[in-house]
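Colleague: The listed protein sequences correspond, in order, to chains A and B. Here the working numbering runs 10 ahead of the position in the first sequence, where the first position is 1. Here the working numbering runs 10 ahead of the position in the second sequence, where the first position is 1.
Please keep in mind that the hints were generated in silico from the structure rather than gathered at the bench. Every residue, glycine too, gets a C-beta built ideally from N, C-alpha and C. Watch out, some of these pointers could steer you wrong.
Claimed, not checked - Here are some chain B residues pointing at chain A (derived, C-beta under 10 Å): (1) 19; (2) 20; (3) 21; (4) 42; (5) 50; (6) 129.
Claimed, not checked - These stretches of chain B come out as covered by chain A in the derived footprint (C-beta under 8 Å, 3 or more residues): (7) 64 to 77; (8) 101 to 114; (9) 131 to 144.
2 protein chains.
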Amino acid sequence: MTTDPQQWAADLSLLHAQVWARLIRGVNDRHAPARHPTLATVTADGAPQARTVVLRAADAAAGTLDLHTDLRSAKVTELMRQPLAALHIWDSGAHLQTRITARVDILSGPAVADLWSRVPDASRQSYGTQPAPGQPISAALDYEKRPDANSFAVLRCHVQALDVLHLGPSHRRARFDRADGWSGIWLAP
Amino acid sequence: MTTDPQQWAADLSLLHAQVWARLIRGVNDRHAPARHPTLATVTADGAPQARTVVLRAADAAAGTLDLHTDLRSAKVTELMRQPLAALHIWDSGAHLQTRITARVDILSGPAVADLWSRVPDASRQSYGTQPAPGQPISAALDYEKRPDANSFAVLRCHVQALDVLHLGPSHRRARFDRADGWSGIWLAP
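Here chain A stands alone, though its shape is the one from the complex:
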C-alpha cells in the first residue's frame, strides 16, 4: 500500500487552502501553472470563447482574482453582456484541475489609475494596440503598439464556486461555493 503524497487532497478544508495557495503562487511565480489560466466567456450569440490570460492578483479572503486586458478586446464586450466567466487551471505537478466560476467586474479609467501607474513600461505595450485587438489587418505586422491608459482594464473576478479535481491513486472531486462559506462537498469524479 502506498501513501498518497498529496494528503491535502483528502480533506475539504486542506484542499480549499491548497487551491488558493496555488493561485497566489501563480501571481508571484511566472512559471507556476496558475500564472496562465484559461478564461472562458460567452459571446452575444451564446457561444463559448476561451483564451489564455495572466493572473495578476489573488485575494483568498475576498475570494477575488484580477486579470488585466485591453478594454477594446472581445472578452470585455462579452463580459459586459454576460458577466459570468469560467477560469480553468491544470496543474500537472499537483495533478490538480481547478475550475472557477466567477462574476466579473470590468474596471477602467480613474478606478484603475493607481494600478496603471504600477504597470511596467514593457507590459504597457499590451494595452492600446492600433487597430484594436482582433481587427482584420492586411499583413501580419500591420499594427502598432501605442500604450494608452484609456485602453487598460482590470477584470476583477469574484469567485462564486470552485470545482476541484485531484487525480491521485484514487481520484477526488470537490465543489466549494461562496454561498455556503466555502465549506465544500465531495462529488463523484
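With chain A's structure known, arrange chain B on it following the hints.
Modeller: Frame of chain A; chain B shown alone:
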C-alpha cells in the same frame, strides 16, 4: 537582427498546416500540449464552463477532432442544448495559442460500438462511474467504477474557425474559417 526560428508563423498557409500538425501530434503523443485541450461549453443558464479533455482523434482533411466522455457528464447536457463549443490549447514550446470554435455532434450507442471495442480496459474505467460524474457523495471515495458501453460517448467536433496567436519577436494573429476554405486572414494581436 535575429531570424525568427518559427518561420511558419509568418505565412497563413504554413501557420494553418502547423496548427493541424500539432493537433495530430496531440493524438499520438501523450506529452504534446495538444493532448489536453481545454473544452468550454455553455450551461442552460448561459454561463461558461471549462475543463480539461483528452484529444483522441484529429482529421485535418475533414476538420474534425474527437473527444471521449461519459454520456452522463454535464458537458454532454450542455452540448445537447448548445452544440457550439470552444477548444483552447497553449503550446509553450511553440509559443502558440490555438483557439477553436466547433460544432459538436454527440455520438453514443451503436454509432460508437466499434470505437468502444478499441478502448483499452484501463481507459474504460472512466465511463460508467456510479453515481454519475458530478453527483454529490458523502465521502470522497464513495463511488465505484463500473465500465459501461452505454455511458461511453464520442464528442465529434466539427471545427468552424481557428483563432491562432503566435508570440514571437513580433506577435502574429490569424483567423481561419471553414466557410472560406481555411484561407485565413491576419488580425491585430
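Colleague: Would you mind marking each hint as holding or not holding in the structure?
Modeller: Now for the hints, and whether the structure bears them out:
Below 10 Å, beta-carbon pairs count as interface contacts, and residue 19 of chain B has one with chain A at about 8 Å; its hint therefore holds. Interface restraint check: residue 20 of chain B against chain A, minimum CB-CB distance 6 Å, threshold 10 Å, status holds. A distance limit of 10 Å between C-beta atoms decides the matter here; for residue 21 of chain B the minimum to chain A is near 9 Å, and the interface restraint holds. Evaluation of the residue 42 of chain B hint against chain A yields a violated restraint, the C-beta minimum of about 13 Å exceeding 10 Å.
Among the interface hints, the one on residue 50 of chain B holds; its C-beta lies about 4 Å from the nearest C-beta in chain A, closer than the 10 Å criterion. Because the beta carbon of residue 129 of chain B sits about 18 Å from the nearest beta carbon in chain A, more than 10 Å, this interface hint is broken. Requiring three or more residues with a Cβ within less than 8 Å of a Cβ of chain A, the coverage given for the region 64 to 77 of chain B is violated, as only 0 such residues are present. By the rule of at least three residues with a Cβ nearer than 8 Å to a Cβ of chain A, the coverage given for the region 101 to 114 of chain B holds, with 3 such residues.
Residues of the region 131 to 144 of chain B lying with their CB closer than 8 Å to a CB of chain A number 6, which satisfies the three-residue condition for coverage.
In summary, the structure is inconsistent with hints 4, 6 and 7 from the numbered list given earlier, while agreeing with the others.
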